Every structure is written in C-alpha cells, then in structure tokens.
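**Q** One-letter residues, chain by chain:
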Amino acid sequence: MTSTPHERRTAILAGAFAAAGASLLAVLFLFQTDPRPLWLWAVFAAAFVALGLSSVEVNDRLFVSSSNMVVFTAAVVFGGESAVLAVALMAAVAVLHPDDLRERRWRQPAANFGQLVISVTVGVTVFLPFLPDGPVTVDDLPLLAVGAGFAAIVTDWLNFRLVTFFVRVAYPDRDLRPWSKMLPHHIAISVLGVFGAILGAAYVLVGPLILPLMFLTFLTGHVGFATYSRLRDAHEDTIRGLVKAVEALDPYTRGHTERVARFARIIGEHLGLRPEQLETLRWAALIHDVGKVAVPRDLLHKPGVLTEAEYRETVNHMRVVEEVLAEVDFLRPIVAIVDGQHALLDEMRTTSVPIESRILATADAFDAMTSARSYRAAVTQAVAFDQLRMRSTVYGAEMVEALIAAIEQEGEIYGSPDEESRAEVERLVRERAIRA
Amino acid sequence: MRNSFLNRAFGIALCGLGVAAAVRWSAGWEFVVIACAYAAGHLVLISSPSGRRVPLLPAIAAGIALESHGSPVLVLAAAAAALPFGWLAARLVHGRRVTDEILPAEAVGLAMFGSIMAAESLAVSVELYRHALGLTIFGGTALIWFLTVALVRTLQTNGSGLAPRRLTLLRALADWPAYLALFSSGALYGLTVSVMGWWALPLAGLPYAFSHVSLHREQTTRQTYRQTIQALGAVPEAGGMVAAGHARRVAELSVAIGAEMGLSVGMLQRLEYAALLHDVGRVVLANPAISAGSYSDSDVSGWSSAIMSEARYLENVAEVVAAQHHPYRRPGEERDPDLPLASKILKATAAYDGGMITGLSSLESIEALHRGAAYDHDPEVVACLRRVLERRSK
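Just so you know, the sequences run in chain order A and B.
With this note's numbering as the guide, the letters of the first sequence map in order to residues 1 to 436.
With this note's numbering as the guide, the letters of the second sequence map in order to residues 1001 to 1394.
Keep in mind that the hints were calculated from the coordinates and are not lab data.
Computed from a predicted structure; not experimentally measured.
Heads up, some of the hints might be wrong.
[Stated by the list, open to error] Computed cross-link-like contacts, SDA-like style, restricted to lysine to any residue with a CA-CA straight-line distance of at most 20 Å:
{"#": "1", "chain 1": "A", "residue 1": "Lys244", "chain 2": "A", "residue 2": "Ala261"}
{"#": "2", "chain 1": "A", "residue 1": "Lys244", "chain 2": "B", "residue 2": "Asn1316"}
{"#": "3", "chain 1": "A", "residue 1": "Lys244", "chain 2": "B", "residue 2": "Gln1230"}
{"#": "4", "chain 1": "A", "residue 1": "Lys302", "chain 2": "B", "residue 2": "Gln1230"}
{"#": "5", "chain 1": "A", "residue 1": "Lys244", "chain 2": "A", "residue 2": "Arg262"}
[What the hints assert, rightly or not] Label-pair distances were calculated between CB atoms; the ranges are:
{"#": "6", "chain 1": "B", "residue 1": "Ser1291", "chain 2": "A", "residue 2": "Arg262", "range": "31 to 41 Å"}
{"#": "7", "chain 1": "B", "residue 1": "Gly1262", "chain 2": "A", "residue 2": "Glu7", "range": "57 to 67 Å"}
{"#": "8", "chain 1": "A", "residue 1": "Glu276", "chain 2": "B", "residue 2": "Leu1155", "range": "18 to 28 Å"}
{"#": "9", "chain 1": "A", "residue 1": "Asn316", "chain 2": "B", "residue 2": "Ser1296", "range": "22 to 32 Å"}
{"#": "10", "chain 1": "B", "residue 1": "Ser1115", "chain 2": "A", "residue 2": "Asp329", "range": "52 to 62 Å"}
Each residue gets a CB set at the ideal place from its N, CA and C atoms; glycine is no exception.
Could you build the full structure based on these sequences and the hints that come with them?
**A** Written out as structure tokens, the structure reads:
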C-alpha cells in the first residue's frame, strides 16, 4: 500500500504522540500506586468516556464536555498517591471512539491517546500540591477549589495546544478557532474543575449515595441542552429548507442566499465582528429574500426598469412578509437588519444604518452582479468591484474594501469572464434591491 | 370562576393551618428559617418542557426534608405556615397567572409530600435517609408529589374549550425533567449540608443551575421554533393567497381533535406544524403562469409537502400534509388503512375552516363535512370535530 508524504508525516506524528503517552503511563506505574478500589475507578472511567463522547452546546457554538469535571473528582477521591495514575488510565481508555473502530482508523485514536494522557497527567500533577496529605476535611475545600480551577485551565490549554499542533500538521486546510477567542470555554472548564473537586470531597465526606443524585441532576441538564441543540438545528434547518424551496421556484436565484451568507461572513470576519454579530448576520442573510415569495413573478422577472408604482408594489409585498416574520421575537432584530438593507438600497436613507445592514447590502449586491439573471448575464468580478467602489458612499467603503480584500486573499473568482457595459451594470445595481 | 374559588379556599385553609401550626410549635429560628425558605421557593421559577413554569418549591422541600432529620412535623408546619406568604409574594412578583395556575397544584403536592415524610418518620429511623433504602423511599414520595401535581393540573382544566383533560395530563407528565432536577438537587443539598456546611450550596446549586439554564434554553428555543413555523405558515396569508388566520385556526382545531382521538404528544406537535404549514405551497401562486391555470387542493398539498421536505426536521410533517388530500375511501373500494389519522384530521379541519371562509355558518360547514363523510372524510373525525365545536360553544 502506498501513502502520500502527508499521510506518512501524520502517521509519524500520531505514533510519536502515542509513544509519549505510553512512556508517561509507564513512569506513572513506577511512581504511583494503583487506584483502589478498582470498581470505583471503573465507574469514573465510564463517566469520563460517556461525558467525553457527549459534549453539549451550552451557548451559541460553545461546546463543553463535562469529562474535565470527572478528572478532578477522581483525583480527590483517589488521593495524591494514585490520583495521576488513575486519571491517566481513564484518559487512556477514553480514546476508543466507535467511529474510529468502525472505520478502522488508528492515527486519530493514537494521537488522542497521547495528547489526552499528557494533558491530564500534567493537569493533575499541577493539582497535586493542593491535595491534603491525610483524609479530606471541610477545611481543605477552599484550597481544593482554587487548585482544581487553575489545574483545569492548564489541562485544557495543554490539550488545545497538542490538538492544534496535530491538526495543523494532519489537516493544514482546516480552520482553527484562535486561542484568544476561547475565554468563555476556559471559564466553563474551570468551573467544571472546581465543581469536580467539591464533588470528590463530598464523595469522601458523605459517601457514594450522592453519586446517583449527581447523575440525575446532570442527566436532566444534559437532556435539556441536547434538546436545545437539536431544536436550534431544527429551527435553522427549517428556515434554510424553506428558503431553499422558495429559491428553487426561480432557477436564477438558486444558491443566492448561501452565497450572500458566505460573503457577509467573510466581510464580517475581516472587519472583526463579534461572534454574536456574525451569527445575527448569518440569519439576516438567510432570510433577506424571503419577502419575495409574495411578490408576483411577472414583477420580479420583468425585463427593464420597474415603474415607480411597480417598484412600490414590490416593496410593499416584501414588507408585509417581513412584518409577519418580525412577529417572531428571535427574528425581530434580524428583520430590522434586512429592513435597514432595503432602506439603504432604496436610498431612502444612507446614514444611521447598522453595520450589519451595510455588510448584507454589499454581499447581496456583489452576488447579484456576479450571478446570471433571467434578464441579463453576470458581470465580471473586476466590474463588480468597480461598481461597489463607485457606490461605497451607500454601502460603506469599509465594507466594500473588506469584501474585495477577503475575496482576493482567498484567490476566488466570481462572475462572468465577459465585459458588460458600465452603464448597463449601473442600471442593474440600482434595481438589484428588489430583483437580485 | 371555579378555579378562582378553589384558589381562595386553598389560601384560607392553608393560612389557618399555618397560623395553628405556628401557635402549636412556636419553635424559634429553625421554624422561621424553614418558613422563609419555603416562601422563597415560590418565587424562583424553572422552565419545563410543557411551557409551564415550575416553582423551586420541590427542591426546597426535598432539601429541608432530608436535612431536618429530627422533626418532620416541624418541617410540615413551617411549610404550611409559609405557603400563604409565598403565595402572596408570588402573586406580587409574577402576577395572578402563576398563582392561579401553578401554585395550587404545587401546594397539594407539597401537602402530600410532607404527610408521607411525616408518617414515615414515625416508623423509620431518620438515619435511614443516609442509606439507599431511605433514598428510595424519598424517591417514591417525590414521585407522588409529581403525579399529584399532574393530576391537580388536569382537574383544574374544566373540560371546556379546546384543551381536553387528556392533553393537559400528557403535557403535565412531560414536565418530569424539571421535577427530577429540582428533587435531586434539593436532596443533594439535604444530604450534604450537615457534613459540608455552606459548601453544600455550590454542590447542589451548580448542577441545578446547569439544569435551570438548559431547560430555559430548551423552552425558549421550542417557543421560537413554534413562532417561526407559525410565521412561515402565515406568509401565504400575508401575500393574500390564503384568508388571514386560516392556518392558526386549523392548527387549534386539529390539536384539540387529535388530543381527543388519542394521538401522542409527539404526534400532536407534528399535526400542529402540519396544520400551520399546510398551505405554505400556495406561495408558488405568485407565479402568474400557475395561478392563471387550474389547480386543485391536491396540487397545493403537493407543493406544500415538497417545500417542507426541503427541511430535514419537517420531513415527517410533510408526510402528514402530503397524505391529507387522499380521500378516506373511494366508491367501491375499501378505506385506506395506511392513511394517517393526523392527515384525516387536518383534511377535515381545513375543509371546515375553508367552508367558514366562503361564508358558510359553522353548522353548514360541518354539515358539508357530514355529506362527504365515508368518502372524503373519516366519519369518526367529523363526529369528533362536532363534539369539540359543541364543547367550545358552551
């Protein structure tokens, strides 16, 4: 069997990770005592594996696994003499993912084994000085909480570093979230670490009876977050599906929404918008054309310029639908962005329009110009850029330049290779608000 | 009116009980602290899958019942004394709806819970609560609380209007995650506070907060999803292709009939979404080439289900809509046993409301359905529709 240089590099790296993890385990077997009783270790290991497999979305795109909590519960329960070995062994058995077994992948599990064993070993070693020499008492709790909060961040940081290192080598094209944007994740992980330590102390002080109660409460939370995540997907899927279906009614606008969403995202990212602003922008792009379902097709497809009356009629149809959507609390601010975009393109007002509306208008105009319509061909990318720059007082020079820079940076080409007359394009840009 | 009277009766009886208890066991600070905790338990509300909000009361009761090993009678007395005050505070903070709809059921649940815990304490050593058997007994009493609340909520539904008692019961039973979170976090606090002191608060509070946030998010997203479906269903109405309010009226009637005919909660939701979106396909009528030609209800169902099928999560809803144009039975043929009940209900309610839109009276519209019964419509569905309408008119 032949393999590419990239595959060989990945295999060597995965092997190195696994060897480092195995060596660490061997050292721990020499310096730590076995975790006892074994059944309790098995319970913690099972919880670690189960929680690791089922991370939940606790906030917009923030996925957190509670397995970090189990690390510090086990560390407190087993005590300093066997804590590191106990959690390292837990991490070692947690790498077997059903998908990997089914598809007979070994590189990913080998790399996971190494990075997990290394990160929890270092994390719990950092936690060791905070553990009491004798049995845990209530007086030890403040120190345990502080230590676990700190050690949880160390574990998470190291894990992240090792994972990003492996991913950069194995999948150079994959987009990685920068460490600087992971503060909410670390706070959540730190709280889980603190909680894990308190839970471990409660187990030692009160007895194993608290475990089923803990399990039940977490189960409820887990089920709730899982349902929330599913409903969120269902919500987005529903709107996306219906928008797609509406787009399909006109073959010329098929895929328009997805492209506008993409252009809006890259402009937003280039301008450094916050994640929640990007999320709102994505939704606005998704629904920005829904109002057209109520516009008679002969108006939408009419060749040439619409009369003032026709234009008003079209806008009114769209506004009625948008007002219906604005009845949904969640969609209200998003409809406001779309409304701002319409106002901008209508040239009713060009000041005090939110940045999201300007981004949406820029993305929409660019896609409208570089896509074919029933009444005209697509313009070239260069012409589209020129036109956007000419109208930068409307869209905002910042947005236009951000789009151009992002597209040029990615080396992508949109639009027709043929030149169109500037006058024709200018006229079409003026109309695009209602006919993109 | 009847609910209001019951609420007042509850309030007066519990107030009397509280005062009597306070006089009989005027036991200093412990009594006051427990009573305050109970009263505060009325104010914090947790979201539940049915859309109702559940007060923190079960968690407070569970925590105190397991913590106060010595005197369950004192606990019960303090709870009884606190109820009227908590009730009053909840009315001031959350308004009348909460106190009228939620608290009577919770008060009955608490009374049941307290009685059982008190009776157990006479026979069983309190130390038992530290062992698995004690916890099992606790779990049983918590279950009784939950079932009592569900039953009281069901009985509070007076049987008129569009929500039959069965639907209320099913929705109340669907709230188990909220009660599970409350009882287990309360028990966690009660079991650990004597050993761990104030550390028991974060120990019970963090998992509770996790559940609280998750249930809140779940409920908010569920509402948003429903609102979105409703809004998308109203798009053809906004475009003037369907009479205003048609989808919403058809959805209300369909759910009432479905509940009466024994559909599950999941199927009822599917039916509701199908009813809200059954005319969404009419947006294609914006195309003059289609609207100028001839098209049938069957075409509209086909367009609607095709649009819905684009959304993965609505595929099973699309099936209900797609099957609704099938006749119940064609002349000379056996009826189609595979025709979903939800589709038959949707067909009947849409036809009924359609009749009303064309200017027929309710009676004329339902008579038109009767004439189509056994061919176009399932006679059982039409009979049920009539019953629901009669109940609503009372």
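**Q** Are the Cα positions of Lys244 of chain A and Ala261 of chain A separated by 20 Å at most?
**A** Since the Cα atoms of Lys244 of chain A and Ala261 of chain A sit roughly 13 Å apart, the hinted pair holds (cutoff 20 Å).
**Q** So the hint says 52 to 62 Å: do the beta-carbon atoms of Ser1115 of chain B and Asp329 of chain A match that?
**A** 42 Å, violated
**Q** Within 20 Å, alpha carbon to alpha carbon, are Lys244 of chain A and Asn1316 of chain B?
**A** 18 Å, holds
**Q** Does the beta carbon distance between Asn316 of chain A and Ser1296 of chain B stay inside 22 to 32 Å, or does it fall outside?
**A** At roughly 30 Å between Cβ atoms, Ser1296 of chain B and Asn316 of chain A fall inside 22 to 32 Å, so the hint holds.
**Q** With a cut-off of 20 Å on the C-alpha distance, tell me whether Lys302 of chain A and Gln1230 of chain B pass.
**A** Violated, at about 32 Å.
**Q** Need the status of pair Lys244 of chain A, Gln1230 of chain B: alpha-carbon distance at most 20 Å?
**A** Given pair Lys244 of chain A, Gln1230 of chain B holds - Cα atoms ~18 Å apart, limit 20 Å.
**Q** Between the beta carbons of Glu276 of chain A and Leu1155 of chain B, is the distance compatible with 18 to 28 Å?
**A** 45 Å, violated
**Q** Is 57 to 67 Å right for how far apart the beta carbons of Gly1262 of chain B and Glu7 of chain A are?
**A** Taking Cβ atoms as reference, Gly1262 of chain B and Glu7 of chain A lie about 58 Å apart, which means the hint holds.
**Q** Indicate whether the distance between the beta carbons of Ser1291 of chain B and Arg262 of chain A respects the range 31 to 41 Å.
**A** 34 Å, holds
**Q** Taking only the CA atoms, is the gap from Lys244 of chain A to Arg262 of chain A under or equal to 20 Å?
**A** 15 Å, holds
The structure shown violates the earlier hints numbered 4, 8, 10.
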